[in-house]
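Participant: Please take these sequences and the hints and turn them into a complete structure.
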Amino acid sequence: MAHKLGRRFWLWHTGLWLALLIGLAGKQGWTAGYMDEAYYLAVGREWAHGRGLREPFLWHFLNDPTTLPQPAGSYWAPGAALVAGLGVLLARVPDALLAPLPGWDPRGVLLRAGFVLLAASMPWLSAQLARALGGDEVHARWAALWATASGFYLAFLPAADGFAGLMVLAAGFWWLTARLATQPRLRYMGVLGALAGAIHLFRSEGWLWLGWALFVGWRAARARGALTVGVGYLSLMAPWWWRQTQVWGTPFPPGQTRVLWLTDYNDLFLYPASQLTFARWWSRGLGSIGRERLWALGQNLQTALAVQGGLLLALPWIGVGGWRLRRHPVVRAAAGMWLALFVLMTGVFPYPGVRGGFFHAGAGVQPMLWALAGLGFPEGLRALARRRGWDPAHAQRYLGTGWWGLLLLLTLGITATRLGSWGDSTCMYQQAYTQRPDLASAARVMLNNPPLWTWVTGGQAVVTPTGRVHAVLEVATRYRVPWLLLEAQHPPTLAAWYTQPRDRMGYRYLGPITWTGRCAAHPPAQLYVLPDAGSANAPRLLRSVPQER
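This note's numbering applies: residue 1 is where the sequence shown begins, and numbers increase by one.
Think of the hints as simulated: they come from the structure by calculation, not from any bench.
Each hint should be verified, as a subset may be incorrect.
Derived CB-CB ranges, DEER-like [to be verified]:
#1 L86 / Q500: 44 to 52 Å
#2 Q500 / A520: 30 to 38 Å
#3 Q489 / G347: 24 to 32 Å
#4 P316 / A416: 44 to 52 Å
#5 G103 / W242: 18 to 26 Å
Even glycine gets a Cβ: it sits at the ideal position worked out from N, Cα and C.
Facilitator: Set out below in structure tokens:
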């Protein structure tokens, strides 16, 4: 009887969870909700259409790009783009998405099929991880339920991003680490290394995962174990490094270390990026450097509590489960990984960390947190029932279900709010393209979100640079970008260009672009053109146009 009930639970749970993910994928459709997703979709389409892993846009200048398109992989890892490319093939996505997209689009399910399938396995993998840590069927079910009520993560699980892939790979990594604690076999060590390599193909901090895998291999079989882990890792990473060497001349693209010297998030778009130096960073003084990291500490702690802690509702049970298993080597390893990610995204990369880096990287520890919540929840409720004199079975059935149900309702509410504006930028770029026939024939456009412009229109785009005002003209002439679409979110140095639009620095002001329909509530954009910027005369513009400060 218990076996039948268990099977019924998993069938119902898996079916409803998959239906929810399919519904979310259809709602997201072919639109991109944010720059990261637009990047993976656009690069994935380039790869799927046979043009290789390349970027027909410039969204940063860290590597001092000289050509457009340029090779992909200068900043973000390729894993999510490859999964997105498979979806592009399945959904037969064209090179431009100019027609208004429906509110629920079954083609979105095809486009996001890879991410949906990865996310669909997450509750089951969390349950398996709970079992590997010593839990029974009850603990496994609760682990799966906590993974279902995933809070802020839910909207991003079917998104064309690294969340679902990282969670699945990390769950396998932690499960295999637990297996190696009792069965130190070399083939498991090789698979652990391969998982570390796969994680590195999704996230640039994959070095941390490799380090732990090497430690596990060394602890289990000394040099043979570490070597086996290394071989597994290189089986996936060596081909990627070979490709990087072919296109960049080095396994590690130039300019990546410049991210260390950001003094503001907008420095990511600074032109020229050669200004990002240790001397410039250090010249602000230890006080400013320390305040930035204290600010990042506060922001990332909020992410830890609200996002990773399940809106604080899962946090107590994660604590109970973690305390009960505090001596377990895998739990200690996961705690160490979380701490390493927290320090990295707070002390070393505070601005990228706060603006999504810790949110993304923390997805690798999230399956362990859900497993710990599943292990701690029944035990915590039993202890509470004993203290209050309640029936433990009733406490789990009513209080436990109500507690989890509250988190599920909050999760659905947060997800609905996030999806409400998911395609707004896609809508705006579609309208900008169709409202202005001159834009439709433009070779290149300068704007906020170049990957999204490429995904929507198929055209090439360059990010609006930060820094001094004249950087806009320098970028336009160097990369031959005649059009400037200045949006409400713009670099501070261009505030007057937006609020007091007129001809400036050789740019001719063409007027505002307003929005209708679903994106009507957004502020207008200002459109400028730099005559001859797209022609061979472009380099002469820098010498003939006076600077504006």
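Participant: Mind checking the hinted window 18 to 26 Å against the Cβ distance between G103 and W242?
Facilitator: Between G103 and W242, where Cβ atoms are some 44 Å apart, the hint is violated.
Participant: Kindly confirm whether 44 to 52 Å is satisfied by the beta carbon distance between P316 and A416.
Facilitator: violated (26 Å)
Participant: CB of L86 to CB of Q500, is that within 44 to 52 Å?
Facilitator: holds (47 Å)
Participant: Check the following: the C-beta atoms of Q500 and A520 are separated by a distance inside 30 to 38 Å.
Facilitator: At 24 Å between Cβs, range violated.
Participant: For the hint 24 to 32 Å, verify it against the beta carbon of Q489 and that of G347.
Facilitator: With Cβ atoms ~28 Å apart, the hint holds.
Violation of the numbered hints given earlier is confined to hints 2, 4, 5; the remaining hints are satisfied by the structure.
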